[in-house]
Amino acid sequence: MAYRRTPLFYLNVLVVGTCGLIYELLAGTLASYVLGDSVTQFSLIIGLYLSAMGVGAWLSGYLSKNLVRRFLDIELGVGLVGGLSAPLLFMSFAYLGWFKVVLYGVVFLIGVLVGLELPLLMRILREELDFKNLVSRVLTFDYLGALLASLLFPIFLVPTLGLMRTSLLFGMLNAGVALWGSFIFSDLITGGIVFLRSRAIVVLVILTAGMINAKSLTSFAEEGMFDDAIVYAKTSRYQRIVVTRSGMGFKLFLNGNLQFSSSDEYRYHEALVHPAMSTAANPKRILVLGGGDGLAVREILRYPSVEEVLLVDLDPEMTKLGKSLPSLVALNKSSLRDARTKVVNADAMTWLASYEGPLFDVAIVDFPDPNNFSLGKLYTRRLYRLLASRLEPEAPIAVQSTSPLYARISYWCIVETIKASGFQVSPYQATVPSFGVWGYVLARRGPDPIGPPEKLPEGLRYLNTDSLGAMFKFPVDMGPVPTEINRLNDQRLVRYYEEEWRRWQ
Amino acid sequence: MNELARRDLLRAFLGAPALWAASCAGRKGQRNVSQMDGGLVLRRERLGHRMRDVSSLPKPSTWSECQVAVVGGGVAGLSAMRELERLGIGNTLLLELDEHVGGTSQGGALPASVHPWGAHYVTVPLAANQPLIALLGEVGAVEEILPSGDPVMAEQHLVADPSERVFYRGRWYEGLFPVAGASADERAQKERFESEIDRWVEFRDAEGKPAFALPMSLGSRDPRVQALDTLSMSQWMLANGYTSPRLRWWVEYACRDDYGTTLADTSAWSVFFYFASRKRAAGASYQEVVTWPEGNSHLVDHLRRGVATRTGHAVVSVETGPDGVSIVALDASGTGEPKVVGVRARYVVMATPQFINARVVRGLSEERLDAARSFEQSPWMVANMQVRERPGGAGFPLCWDNVLFDSPSLGYVVATHQKGPHRGPTVLTYYYPLVDSDARVARKRLLELGWEEWAEVALSDLERAHPGLRNYVERIDVARWGHGMVRSTPGRIWDGRRELAARPHGRVHFAHSDLSGVALFEEAFDRGNRAAAEVARRIATEANDP
Ligand SMILES: Cc1cc2nc3c(=O)[nH]c(=O)nc-3n(C[C@H](O)[C@H](O)[C@H](O)COP(=O)(O)OP(=O)(O)OC[C@H]3O[C@@H](n4cnc5c(N)ncnc54)[C@H](O)[C@@H]3O)c2cc1C
Numbered sequence: 004m005a006y007r008r009t010p011l012f013y014l015n016v017l018v019v020g021t022c023g024l025i026y027e028l029l030a031g032t033l034a035s036y037v038l039g040d041s042v043t044q045f046s047l048i049i050g051l052y053l054s055a056m057g058v059g060a061w062l063s064g065y066l067s068k069n070l071v072r073r074f075l076d077i078e079l080g081v082g083l084v085g086g087l088s089a090p091l092l093f094m095s096f097a098y099l100g101w102f103k104v105v106l107y108g109v110v111f112l113i114g115v116l117v118g119l120e121l122p123l124l125m126r127i128l129r130e131e132l133d134f135k136n137l138v139s140r141v142l143t144f145d146y147l148g149a150l151l152a153s154l155l156f157p158i159f160l161v162p163t164l165g166l167m168r169t170s171l172l173f174g175m176l177n178a179g180v181a182l183w184g185s186f187i188f189s190d191l192i193t194g195g196i197v198f199l200r201s202r203a204i205v206v207l208v209i210l211t212a213g214m215i216n217a218k219s220l221t222s223f224a225e226e227g228m229f230d231d232a233i234v235y236a237k238t239s240r241y242q243r244i245v246v247t248r249s250g251m252g253f254k255l256f257l258n259g260n261l262q263f264s265s266s267d268e269y270r271y272h273e274a275l276v277h278p279a280m281s282t283a284a285n286p287k288r289i290l291v292l293g294g295g296d297g298l299a300v301r302e303i304l305r306y307p308s309v310e311e312v313l314l315v316d317l318d319p320e321m322t323k324l325g326k327s328l329p330s331l332v333a334l335n336k337s338s339l340r341d342a343r344t345k346v347v348n349a350d351a352m353t354w355l356a357s358y359e360g361p362l363f364d365v366a367i368v369d370f371p372d373p374n375n376f377s378l379g380k381l382y383t384r385r386l387y388r389l390l391a392s393r394l395e396p397e398a399p400i401a402v403q404s405t406s407p408l409y410a411r412i413s414y415w416c417i418v419e420t421i422k423a424s425g426f427q428v429s430p431y432q433a434t435v436p437s438f439g440v441w442g443y444v445l446a447r448r449g450p451d452p453i454g455p456p457e458k459l460p461e462g463l464r465y466l467n468t469d470s471l472g473a474m475f476k477f478p479v480d481m482g483p484v485p486t487e488i489n490r491l492n493d494q495r496l497v498r499y500y501e502e503e504w505r506r507w508q
Numbered sequence: 083m084n085e086l087a088r089r090d091l092l093r094a095f096l097g098a099p100a101l102w103a104a105s106c107a108g109r110k111g112q113r114n115v116s117q118m119d120g121g122l123v124l125r126r127e128r129l130g131h132r133m134r135d136v137s138s139l140p141k142p143s144t145w146s147e148c149q150v151a152v153v154g155g156g157v158a159g160l161s162a163m164r165e166l167e168r169l170g171i172g173n174t175l176l177l178e179l180d181e182h183v184g185g186t187s188q189g190g191a192l193p194a195s196v197h198p199w200g201a202h203y204v205t206v207p208l209a210a211n212q213p214l215i216a217l218l219g220e221v222g223a224v225e226e227i228l229p230s231g232d233p234v235m236a237e238q239h240l241v242a243d244p245s246e247r248v249f250y251r252g253r254w255y256e257g258l259f260p261v262a263g264a265s266a267d268e269r270a271q272k273e274r275f276e277s278e279i280d281r282w283v284e285f286r287d288a289e290g291k292p293a294f295a296l297p298m299s300l301g302s303r304d305p306r307v308q309a310l311d312t313l314s315m316s317q318w319m320l321a322n323g324y325t326s327p328r329l330r331w332w333v334e335y336a337c338r339d340d341y342g343t344t345l346a347d348t349s350a351w352s353v354f355f356y357f358a359s360r361k362r363a364a365g366a367s368y369q370e371v372v373t374w375p376e377g378n379s380h381l382v383d384h385l386r387r388g389v390a391t392r393t394g395h396a397v398v399s400v401e402t403g404p405d406g407v408s409i410v411a412l413d414a415s416g417t418g419e420p421k422v423v424g425v426r427a428r429y430v431v432m433a434t435p436q437f438i439n440a441r442v443v444r445g446l447s448e449e450r451l452d453a454a455r456s457f458e459q460s461p462w463m464v465a466n467m468q469v470r471e472r473p474g475g476a477g478f479p480l481c482w483d484n485v486l487f488d489s490p491s492l493g494y495v496v497a498t499h500q501k502g503p504h505r506g507p508t509v510l511t512y513y514y515p516l517v518d519s520d521a522r523v524a525r526k527r528l529l530e531l532g533w534e535e536w537a538e539v540a541l542s543d544l545e546r547a548h549p550g551l552r553n554y555v556e557r558i559d560v561a562r563w564g565h566g567m568v569r570s571t572p573g574r575i576w577d578g579r580r581e582l583a584a585r586p587h588g589r590v591h592f593a594h595s596d597l598s599g600v601a602l603f604e605e606a607f608d609r610g611n612r613a614a615a616e617v618a619r620r621i622a623t624e625a626n627d628p
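In order, the protein sequences belong to chains U and X. Our numbering puts the first sequence at residues 4 to 508. Our numbering puts the second sequence at residues 83 to 628.
There could be a bad hint or two in this list.
Claimed, not checked - Subject to a maximum C-alpha distance of 20 Å in a straight line, what follows is the list of computed SDA-like cross-link-like pairs (lysine to any residue):
1. X/Lys501 x U/Ser357
2. X/Lys501 x U/Pro371
3. X/Lys501 x U/Ser201
4. U/Lys336 x U/Ser357
What the hints assert, rightly or not - Ranges of calculated distance between the beta carbons of each label pair, as one might list FRET restraints:
5. X/Ala191 x U/Ala423: 33 to 41 Å
6. X/Pro193 x U/Ala356: 50 to 58 Å
7. X/Asp287 x U/Leu362: 35 to 43 Å
8. X/Glu581 x U/Leu362: 30 to 38 Å
9. X/Ser367 x U/Ser308: 31 to 39 Å
10. X/Asn173 x U/Ala356: 57 to 65 Å
11. X/His384 x U/Leu362: 45 to 53 Å
If you're looking for bench data, these hints aren't it; they were derived computationally from the structure. Treat the numbers as computed from the prediction; the structure is a model and nothing was measured. Every residue gets a Cβ at the ideal spot worked out from N, C-alpha and C, and that includes glycine.
Start from the sequences and build out the full structure, keeping to the hints where you can.
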């Protein structure tokens, strides 16, 4: 009997070892995704986890009776907490203040439980093996499990299952082994066994339900949709906000559309902001429409003359993220927390129509691409006319205007619409690897269109005055095409845009 | 309401498809209408009943005087008042039965948005309709007038894109004509029909007038055009080989929408008028549409500014004499019992529907009485519901006008569609014309149902496209228009009775939109303006030739 059973003990040790490390890796990965700075996060998690294991080992000394039963219960506990750890952390993404509490709490709890397991196992096995063998085998299988975990995690688990399913799967493994154990070790268990088994079944059911419903939590579909791991996901009143992270940095998506990648957003934002800002003589009051990530504001704040930046973004969740997601705050250099920045959460069109304050010296317009009618509205003649009425007479504006290469008609439609709203336009384009060739419109009312600015602020990573001139020239395949203009009552742009982008999908 | 009563209700007012969908959807966990906020609004049965019994009224206790009295504060009456003022006629007075002016162009307000109770849009006028262009200019809807006379409209006052969609077999499609699954023949019929319209758009009579124009008084009286009025649209379509169910639905939708009648009860003239008067030229697209969250009450608010008005005054008798007109009205504006009051005016403009005129204007000939009584009116039910979130649905996104194929209703419009953000609470205005051939039967059916039943009909109808909608409804109010819209039945336009009813009677002139046979803002405005001009002319002649 004893001999047939021993390999099963080892299997248990292997599972314990594998699962323990998997949970630790999950927590570390999620922590570094969300909180940034992976070195600190990983070392913190590992430290916390190991010390919690110490606490567990110490606590094991207080357990003396009915060890197998205790062991199985603890294994069930690990399965439950570990299995739900990733879903729990995912759900707490949306509440950044709670994320750390949940994170460290979960890591500590798992550490304690795993720390309890090994000493208990050794004590159970002591009945069946001599001490020397026991220690060497148990530790071997434990470390083997760790090796297995560390190989599986990056190579197989994360790419194919994603973080959520990995977590739930290993929880189920833990619980399954515990259930199985209740059969194999039934002779060693004193007292009612039915209750133990039903507990195991309850845990399995919970985790299975988690597997099935994971879609609605943050959705595997979404995990599959993005190439990189999701580190933040929230459905706000207006949109689905998702942040993903990879070795290249992180990316922000709104409704599945890439807004920026931290690796090359500087190109996008320098090109958006500086031509307009450098044209204005002494810009003091700046209006930003859209751009709740705070990255355009970062560029604006480079100008010492700036006294006030008013950012109007529809979604309070977005601007909250720009103020509090650590990696984003690091990227936007705390621009949204700057004393000069004021954030207003409102629909830009409605806000413009009712704004009565002082006029602005520069406006930066950074809305998502016009892929539906409610966004298309923000590219209409009506919007640009309203905007014009809130600007100083010759104030420059810059408008992000989708890609003149992928959506050539759409791009020129925006140019024509701005022109039809009483502006002199200077179309220009830049290359942003994550997006491809990207288009902007620089414009102002007044006698002449704006030429490429002759001076730029210090310390830019992309723009210089040498290359700026070329950005205002368009190669043949991106050149002007005749288009209708986009009006509230006839949103041509949305129809052009849909048509054009469909070809690339 | 128990389930059985509900099923009977839905069968009678929505028909089999809705009943089936409603029973499939089930009502478990759904809110009951009786638990919702709301009620019947614009109730005026009270005064209406008292008006019937004029003979027993005492003599007026007080008399006041004015130069011109206008009776009826709808768009026609308000326009007449504005025009009189523009023509320099002072000392005018408007008498209106309701507590508010506006008539069928009234609006209302819910916390989420203002909204229409009746008329909600005006077609962008063509160059020929300069008075309307000027009026729209006064409210800031016109940016510029081109040398051709055509207005350039301010885009924020136009219906925003996307404007309309139709729910057809479980999915929303852009536009009103359900193209999905239409056979080649059906599409060909639609094209043939459009070219028939274009033929009428191009038509010019011997005087160079177009067949159809807005207002209709600018259109042709050519017998070839008038002949259309002898046929119902369904006869015309049959005679001309238009059999496509989709096309017939689409044309009937226009009839129900504009006249509250079916194909069989609508004059073919009125249908071609509807389509052809809205095109600048053959092949051009239909004129765009101007609207506001509160519908045409936006224009009412503008028209009524500075107008001397007595609301709560039901005029019960109008008697023309050699030097002036005596008006008797029931004044219910104060608290307590209505008082009987008198007004003496040199001239009167009756901007009231003809069925009212038949009762209150004294001394009309039998022939004229018969003409006035020949005007029939379609009853309408309008429900305004405030919803927490906007309905979506599979397929094309939410529009201004959202129509359900196969429904006796006309669907709903979204009050805030021109404004962003396109999320959150809004008000949906649901329109239901009662099209029974016999208008009295239709009126009886309208008044048979109270608030709860009409709310149930509206919600069950829309829930075919928006399951669970009632859980989003924060309030639902219902208005019952017993005499909503003049019926444009065959013969209505050119059988002579309409024109007879419009002729002045002594010192009394007539201005209500029903005299055009088509219920439209343009017609009410034109009738009001013209009646005012005629009265002003008579006053001027009297002054020169005492
Ligand atoms: C549901 C509905 C939707 C509509 N939608 C549109 C639309 O979208 N676009 C459009 O152009 N048209 C629409 N119409 C048509 C609308 O009727 C006209 O646009 C216009 O409002 C008619 O104005 P009116 O002044 O001729 O008549 P009414 O609006 O009928 O005005 C008559 C006035 O006379 C008053 N009155 C009646 N009897 C007396 C009395 N004895 N004493 C004193 N006052 C009296 C009434 O209270 C009323 O205020 C709609 C109508 C309805 C019912």
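Here's how the hints hold up against the structure:
no. : hint                            : result
1   : X/Lys501 x U/Ser357             : 12 Å, holds
2   : X/Lys501 x U/Pro371             : 18 Å, holds
3   : X/Lys501 x U/Ser201             : 57 Å, violated
4   : U/Lys336 x U/Ser357             : 31 Å, violated
5   : X/Ala191 x U/Ala423: 33 to 41 Å : 35 Å, holds
6   : X/Pro193 x U/Ala356: 50 to 58 Å : 20 Å, violated
7   : X/Asp287 x U/Leu362: 35 to 43 Å : 56 Å, violated
8   : X/Glu581 x U/Leu362: 30 to 38 Å : 58 Å, violated
9   : X/Ser367 x U/Ser308: 31 to 39 Å : 50 Å, violated
10  : X/Asn173 x U/Ala356: 57 to 65 Å : 41 Å, violated
11  : X/His384 x U/Leu362: 45 to 53 Å : 30 Å, violated
In this structure, the earlier hints numbered 3, 4, 6, 7, 8, 9, 10 and 11 are contradicted, and the remaining ones agree with it.
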